[in-house]
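Novice: As a plain string of letters, each chain reads:
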Amino acid sequence: MASVILRHREIPDINKLNIYKKNGGFVAFKNAVTKMQPSEVTDVVKNSGLRGRGGAGFPTGVKWSFIDNKNWPHYVVANADESEPGTFKDREIMESNPFQFLEGVALASYAVGANAAYVYLRGEFWQVAAFLDEKIAEMEAAGYLGENLFGTEYSLKIYTHLGAGAYICGEETAMLESIEGKRGQPRIRPPFPAVYGLYGKPTVVNNVETLTNLPLIIQNGADWYKSLGTPDSAGVKIFSLSGRVRKPGNYELPFGTTFRQLIYEHGGGILDGHPVKAIMPAGASSSFILVDDKVLNTPMDYASVRTLGADLGSASVIVIDDTVSIDWVINKTIHFFKHESCGKCTPCREGTYWMMHLIDRIHKNGHSKADVDLLLNVARQMQNKCLCPLGEFSTMAVVTGIERFSQDFKVVSRNS
Amino acid sequence: MSLAKKYSKEVKQILSKYPAEHKRSAVMPLLYLAQREEGYINKEAMQEIGKLLDITETEVASIVGFYTLYHDKKEGKYRMQVCTDLPCALRGADQFMESLCEHLGIKVGETTADGLITLESVTCLAGCDKAPMFQLQSPDGLEYHENMTVDKTMELIEALKKSGTEVK
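Here the protein sequences come in this chain order: A and B.
For the first sequence, the working numbering assigns the number 1 to the initial residue and increments by one for each residue that follows.
For the second sequence, the working numbering assigns the number 1001 to the initial residue and increments by one for each residue that follows.
Because the hints were derived from the structure by calculation, they are not lab data.
Watch out, some of these pointers could steer you wrong.
Stated by the list, open to error - What the simulated footprint calls covered on chain B by chain A, stretch by stretch (three residues with Cβ under 8 Å from a Cβ of chain A suffice, anywhere in the stretch; the number is not a length):
1) 1024-1030
2) 1061-1067
3) 1074-1088
4) 1134-1148
The beta carbon of each residue, even a glycine, is placed where N, CA and C say it ideally should be.
Produce the entire structure from the sequences given, and follow the hints as far as they go.
Specialist: Here you go:
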């Protein structure tokens, strides 16, 4: 099947404007601006079943339809902060298929009536931002961005904005704060960005992969897109496969592909032929899935993964084999979240701090039941109390790790 | 040094990206500009950026403190920031880091005696399929080095030493 997102794998020069044009580039955007009402674009996207690819999985067209049309101007922000451990798909899209992504930004902007869009890239994507700036300039020169596009009233500018190293800025309200020149700390929601977003104006924030789907959806129609996935999860998804597999990488596959197909057919199996012990399907913020044959045969779509007690999220599949102990894994994830907690809300700031000290103590002194119980207790106490998802995320691996892999937390040594 | 004088074109271009009534948005790109000088942001630069954007020096400093890619003191000319987060660690990043420390004779967080390299351990850089990997932050920007070995890294450091750019 031809790629929908990672088209550079079949058309290597698609990052050149003329090659992108030759392959149908900007037809969708031109058609939308000259022949469609913004609401028609939104309807196509709604009907396509496209859901947010950043992790939350919220229906994209529905998100757009919440935008407040009594308050102007509107903004679109492309979330290119990609910082979840295990996620590395947006970078490949922007580096290799940049025009399709930018055309997606343009389509979303037209649909919600935005004349300015910002691409928020994590600071580490310094080179990617410089590259996108070049591509944006090429689009301006070719008349795809700027004033009175295609002879209509519609005008659009796209700007890049570089973060500076903060996972939390991937949370949409923290991202808006960061663009406003403040510390990237989440806002209390509601109001949601569709009502009160960038500079207090209605704003749509969409992930890079989500946006990159749009040109082909508008070009080929909602039914075409729906035909690619499962009834619950339309279309294709990029699965970022990492961990103890032979061939880690990005794999664009239809929803409904099984874990076994991803890991063994695409990923080449496990290093040194070990068995799979656990899967984190959505990066470091995932719950652990305890792996058996049934799990490996489970189709990867939003609903099926939920039956395994986890979320598919951004589909950043981290594979853990039997050489790895789960207490070591949660040591890594806890340190990550402690480092990235923004400090605004108490449960997350203090909770991640204490979880870090507990896991350090468990590793230093051996696993005492009291410490493991206390760690589990702290994680549970944090749940449903944090201001934004980061705090919740930090508890997922801890709680499910201790509950589902209790053998890895048994007392191993205690001198006293 | 005055940013507005030395980089007048860049400052103007940065300010043009944001609505005039929201020029505070320019604080992050201006901080990168200030960092170009010496690899860190000094008090003068923070004062100047505050004045340019009508915010206090404290507010500027709070941005510098919040984001990990801004620095307020001098370290090595290059910051070698090795990802030791979960996906990289599952592919040997901790051992890579340990071995790098041995070869350089420094611990994580320290700078080589010649002031060339500060070795840092950082969280995920979105290069999980190409571990071990690190980014090299210098006053001029950032570059990724992926699928690295200790030997390749030591060669890179040698090349940096010889590249002719003087190390202060």
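Novice: Next, verify each hint and record whether it holds.
Specialist: We went through each hint and held it up to the structure:
Counting residues of the stretch 1024-1030 of chain B whose CB falls under 8 Å from any CB of chain A gives 6; the rule of at least 3 is met. Counting residues of the stretch 1061-1067 of chain B whose C-beta sits closer than 8 Å to any C-beta of chain A gives 4, which meets the bar of three, so the coverage hint holds. Residues of the stretch 1074-1088 of chain B lying with their CB closer than 8 Å to a CB of chain A number 3, which satisfies the three-residue condition for coverage. Figure legend: the stretch 1134-1148 of chain B, annotated as covered by chain A; annotation consistent (5 residues with Cβ-Cβ distances under 8 Å, at least 3 required).
The earlier numbered hints are all upheld by this structure, with none contradicted.
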